[in-house]
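J.: Protein sequences appear in the order of chains A and B.
Under my numbering, think of the first position of the first sequence as 1, with each following residue one higher.
Under my numbering, think of the first position of the second sequence as 1001, with each following residue one higher.
Honestly, the hints are just simulated from the structure, not real lab data.
If you're wondering where the values come from, they're calculated on a predicted model, not measured in any experiment.
Note that beta-carbon positions come from the ideal geometry of N, C-alpha and C, so glycine has one too.
Any given hint might turn out to be false.
In silico BS3-like cross-links for lysine-lysine, where the CA-CA straight-line distance does not exceed 27 angstroms [as the list claims (entries may be wrong)]:
| # | chain 1 | residue 1 | chain 2 | residue 2 |
| --- | --- | --- | --- | --- |
| 1 | A | K29 | B | K1082 |
| 2 | A | K275 | B | K1136 |
| 3 | A | K256 | A | K165 |
| 4 | A | K165 | B | K1177 |
Going by beta-carbon spacing under 10 angstroms, a handful of chain A positions derived as facing chain B [claimed, not checked]:
| # | residue |
| --- | --- |
| 5 | I11 |
| 6 | A17 |
| 7 | D21 |
| 8 | Q22 |
| 9 | E30 |
| 10 | E33 |
| 11 | A160 |
| 12 | P163 |
| 13 | L221 |
| 14 | W223 |
| 15 | N238 |
| 16 | S277 |
| 17 | A398 |
Now the stretches of chain B that chain A is said to cover, found in silico as 3 or more residues with beta-carbon under 8 angstroms [what the hints assert, rightly or not]:
| # | segment |
| --- | --- |
| 18 | 1011 to 1019 |
| 19 | 1112 to 1121 |
| 20 | 1127 to 1141 |
| 21 | 1188 to 1196 |
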Amino acid sequence: MYKYDEIDQQIVNERVAQYRDQVRRYLAKELSEDEFRPLRLQNGLYIQRHAPMLRIAVPYGMLSSKQLRKLGDISKRYDRGYGHFSTRQNLQLNWPKLEDTPDILAELATVEMHAIQTSGNCIRNITTDQFAGIAPDEVIDPRAMAEVMRQWSTFHPEFALLPRKFKIAVSGTKHDRAIVQAHDIGMEFYLDDNDKVAIKVWVGGGLGRTPILGSVIREHLEWQHALTYCEAIIRVYNLHGRRDNMYKARIKILVKALGIDEFRNQVEAEWLHLKDSPNTITEAELARVAKHFEAMPYETLPAYDLSFDAAIASNPAFAAWAKRSLHAHKTLGYRAVTLSLKPHGKAPGDATSEQMLVVADLADAYSFGELRVSHEQNLILADVKLSDIYAVWEKARANGLATPNIGLLTDIICCPGGDFCSLANAKSIPIAEAIQMQFDNLDYLHDIGDIELNISGCMNACGHHHVGHIGILGVDKDGSEWYQVTIGGKQGNDASIGAVIGPSFAAEEMPGVIQRLIDVYIQERTPEERFIDTVRRLGIAPFKAHVYADKNLSREVKNEAAHV
Amino acid sequence: MSNLILKDHIVADDWTLVQLPKVEQEVRMQAGKVVMFKLTGENTTSVEQIVNTVIPSTGKVIVPLSVYLARKSELTSRLANKELGIWLATHEVLEHLTAIEADLNVLPLIGVHVERFADGRIFSIGNLLRTRYGYKNTLRAFGDVLRDQLFFLKRSGFDSYLIRADRSAEEALQSLKDFTQPYQGAVDNTQPVWRRVNRSA
Ligand code: HEM
Ligand code: SF4
Chain A
1 MYKYDEIDQQ
11 IVNERVAQYR
21 DQVRRYLAKE
31 LSEDEFRPLR
41 LQNGLYIQRH
51 APMLRIAVPY
61 GMLSSKQLRK
71 LGDISKRYDR
81 GYGHFSTRQN
91 LQLNWPKLED
101 TPDILAELAT
111 VEMHAIQTSG
121 NCIRNITTDQ
131 FAGIAPDEVI
141 DPRAMAEVMR
151 QWSTFHPEFA
161 LLPRKFKIAV
171 SGTKHDRAIV
181 QAHDIGMEFY
191 LDDNDKVAIK
201 VWVGGGLGRT
211 PILGSVIREH
221 LEWQHALTYC
231 EAIIRVYNLH
241 GRRDNMYKAR
251 IKILVKALGI
261 DEFRNQVEAE
271 WLHLKDSPNT
281 ITEAELARVA
291 KHFEAMPYET
301 LPAYDLSFDA
311 AIASNPAFAA
321 WAKRSLHAHK
331 TLGYRAVTLS
341 LKPHGKAPGD
351 ATSEQMLVVA
361 DLADAYSFGE
371 LRVSHEQNLI
381 LADVKLSDIY
391 AVWEKARANG
401 LATPNIGLLT
411 DIICCPGGDF
421 CSLANAKSIP
431 IAEAIQMQFD
441 NLDYLHDIGD
451 IELNISGCMN
461 ACGHHHVGHI
471 GILGVDKDGS
481 EWYQVTIGGK
491 QGNDASIGAV
501 IGPSFAAEEM
511 PGVIQRLIDV
521 YIQERTPEER
531 FIDTVRRLGI
541 APFKAHVYAD
551 KNLSREVKNE
561 AAHV
Chain B
1001 MSNLILKDHI
1011 VADDWTLVQL
1021 PKVEQEVRMQ
1031 AGKVVMFKLT
1041 GENTTSVEQI
1051 VNTVIPSTGK
1061 VIVPLSVYLA
1071 RKSELTSRLA
1081 NKELGIWLAT
1091 HEVLEHLTAI
1101 EADLNVLPLI
1111 GVHVERFADG
1121 RIFSIGNLLR
1131 TRYGYKNTLR
1141 AFGDVLRDQL
1151 FFLKRSGFDS
1161 YLIRADRSAE
1171 EALQSLKDFT
1181 QPYQGAVDNT
1191 QPVWRRVNRS
1201 A
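Same shape as in the complex, but just chain B:
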């Protein structure tokens, strides 16, 4: 049984997730986007990892952002065939992608990997992809994704959720309906409640 939710249904996953090969040697810490600061302790990917990443030659694949950035030229036909998605981790810099891809909508799917439940950067990333960069296709959350994030993910612009393998996607679906009339405007419904309904009555 698939654990993938798309909109509000459980669907089969016809995408193959491409992972970076694991590295043995010590990894460098990344100084992230805010160069003057931000040592968040996340790993960067090495050139070797990128080169050694195996991309299946057929079918729909979701490749790591770093691989796409470095190996874009060998992926153009896949992209043209709409069988290429990319994924990034929550500490990666979205602007690296938007810098080389003026229109993100050439990608049928963008995935965001959240390593730990408590990492709320995924919400801002979803929001930015939808509102700042105009991304309209499938936005998938995967990793430590449990039902209790779902409502927030949906409101932050995600429309697809790969529920962690040991949990039931069926049950998780319930959470999409946790709140009927949330207060604030967000990605899924930009209007705050006071613009949505007449509260003075």
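Chain A extracted, bound-state conformation:
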């Protein structure tokens, strides 16, 4: 993975000094609350229900074992012994003290980490596929470009105070796993007819209050122009995006208001001036960065491993886990392994300090000292030999990291919700926990098969509920917590936004509602259909009918009225 040189290190160190002084000025009352706000936000510091929340950047989800150890150590010493991996591949600490945050950042800087631009109205952490570099269906490893873009976007002077936050995702696979269409800018790398690396650029996607999938602004962009083209897009947005209403301030609203054609015209006009300017990426610079992402020193291995096959045959628990948690690898004899941060009945995405240390050890022993964070909020060892997988499983299982539910119903994506977040309409973690307990039967879970369930505590959609096969959204009605359910959302190349099935539910109804949705699927599915396929084939009507079968009408009418 990328290693800092003196220049990277100096920037991070100077940032720590700058931030330390900002905190000092704030504590000395030289900065008002309002003035400190944008400054701390640029540094990932939110003020939440209980305490500040610090969001630490994990660029495109890559971590070294050394970094993870440091995170384990920091969460123990400065927090309550755990951290929360987020759907943007970052790590959040829920309980740090404001006065400690400069020290935390100083410690992070020692392992080439920071919290720069993890919140605030600026260009955020650039995300990508958690299997970048190892996926068999990958055309281009997007990580070098993601790093080039990370550096370019860091303290970009023109885009430091945008109308709203700005998220970029990149992907280099045939099957998009980075949800590029749900980002402000999405870049899909591919090889063009001349075998040159080119980029398909999407703009104006986003979830939140107004879920919109992005539009293609350019089918073909030579990679050298990635930065200048982004500058053109973001400049048009910076000048013309709305600043009067924060709910209408994302680029998606501007793109929609202008129409993609007019927006494209403006961007292309701007780009005429920027094209070939010095920020045009050179071969040499890309090569310098790409060196850090060269393939690992893999052994030459056969496609099969006898000990692994024997363990699968003799140990059903191992086999059940392996079926869900292993992923194909470019290199023969290797697999990527997902360690589940979704044990039933715990907050999805949380990892304790001890677990972080265990995973760091596992990475050192079995996966070249590196790991990744997925946007599904799990941890991934990307390069494990088949012959080592059993050992990984044993240690992971002993530490609560081997729930065999990857990609299954209980692998829930969930935001912090009302337990931690001051914007929440409703709690989300207890709903996730209740659903996990309702479906706490592995055979049954495996029978239900691939499905994605996403929960957000409010329409800011941190849990990506719109693109969940089943999405749950916390809504506030007359001061109490209700949940609205959507089905048919999907991420990937054929992304779609879920449809609301009807009036919302009380918390205690939720496990039953999910049960009924699953019942309809089990009854209606064809042998090869996943839940999402059945929903797409049948539409929402049969699901809706069953879920609301015995609800009396008056209740529905009342709820509907409350919606308005």
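With chain A held as given, fit chain B with the ligands onto it using these hints.
T.: For chain B with the ligands alone, coordinates are given in the frame of chain A:
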């Protein structure tokens, strides 16, 4: 003590800022440059305001863009004497100025007023003035200007900053040096770091 920074020194301000008179009556919202869209909620200036703007008859003055556009003819001698600058707010349309002034360098000073700290349009405006319209003279940021914008303002082409009156310009000066080797090319140094230094070493 002056709160004006020019380059990296605190200097006395020998310019007089000319403001539009305040209006009592309800003001119309402006549909900005992108006519099909953009209701950013900013006010336009009325004809009355423009007519009633009092421009001191001597000394160096910075007049609002809208006043300059409407009353250019009465300002020609001031312009010739290099005692006329203009200022615009971040929602105003730069092209209105460039349309009537082929060479902006007749103006010794352009000011950009930023009403709220969080309004980052000022950075794009600075950039455009320098790179697109070739403006070479003093480019001054004023309004809600605090030390934490300074580094970005400098990189976006500004070379003068009027720090908000309740803050110390002395301290703000420190921020111009926050980062030694920024990554990307910008107005002050167009070369990105990988063209500036040999990083492969
Ligand atoms: C607890 C503190 C948090 C606060 C106050 C917060 C606040 C917000 C807000 C206000 C938005 C909507 C922005 C908009 O649409 O313009 C948002 C979006 C988002 N948040 Fe959070 N969030 C928090 C935690 C998290 C966590 C823990 C995650 C990851 C699990 C997360 C992931 C996201 C994502 C992915 C979006 C983007 C949705 C989109 O693309 O529009 N957030 N957040
Ligand atoms: S979706 Fe809402 S409740 Fe959940 S973390 Fe985001 S802002 Fe908070």
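J.: For each hint, tell me whether it holds in the structure or not.
T.: Okay, the hints, checked on the actual structure:
{"no.": "1", "hint": "A:K29 x B:K1082", "in the structure": "42 angstroms, violated"}
{"no.": "2", "hint": "A:K275 x B:K1136", "in the structure": "22 angstroms, holds"}
{"no.": "3", "hint": "A:K256 x A:K165", "in the structure": "17 angstroms, holds"}
{"no.": "4", "hint": "A:K165 x B:K1177", "in the structure": "26 angstroms, holds"}
{"no.": "5", "hint": "I11", "in the structure": "6 angstroms, holds"}
{"no.": "6", "hint": "A17", "in the structure": "8 angstroms, holds"}
{"no.": "7", "hint": "D21", "in the structure": "8 angstroms, holds"}
{"no.": "8", "hint": "Q22", "in the structure": "7 angstroms, holds"}
{"no.": "9", "hint": "E30", "in the structure": "8 angstroms, holds"}
{"no.": "10", "hint": "E33", "in the structure": "13 angstroms, violated"}
{"no.": "11", "hint": "A160", "in the structure": "5 angstroms, holds"}
{"no.": "12", "hint": "P163", "in the structure": "8 angstroms, holds"}
{"no.": "13", "hint": "L221", "in the structure": "18 angstroms, violated"}
{"no.": "14", "hint": "W223", "in the structure": "15 angstroms, violated"}
{"no.": "15", "hint": "N238", "in the structure": "5 angstroms, holds"}
{"no.": "16", "hint": "S277", "in the structure": "7 angstroms, holds"}
{"no.": "17", "hint": "A398", "in the structure": "43 angstroms, violated"}
{"no.": "18", "hint": "1011 to 1019", "in the structure": "violated (count 0)"}
{"no.": "19", "hint": "1112 to 1121", "in the structure": "holds (count 5)"}
{"no.": "20", "hint": "1127 to 1141", "in the structure": "holds (count 3)"}
{"no.": "21", "hint": "1188 to 1196", "in the structure": "holds (count 6)"}
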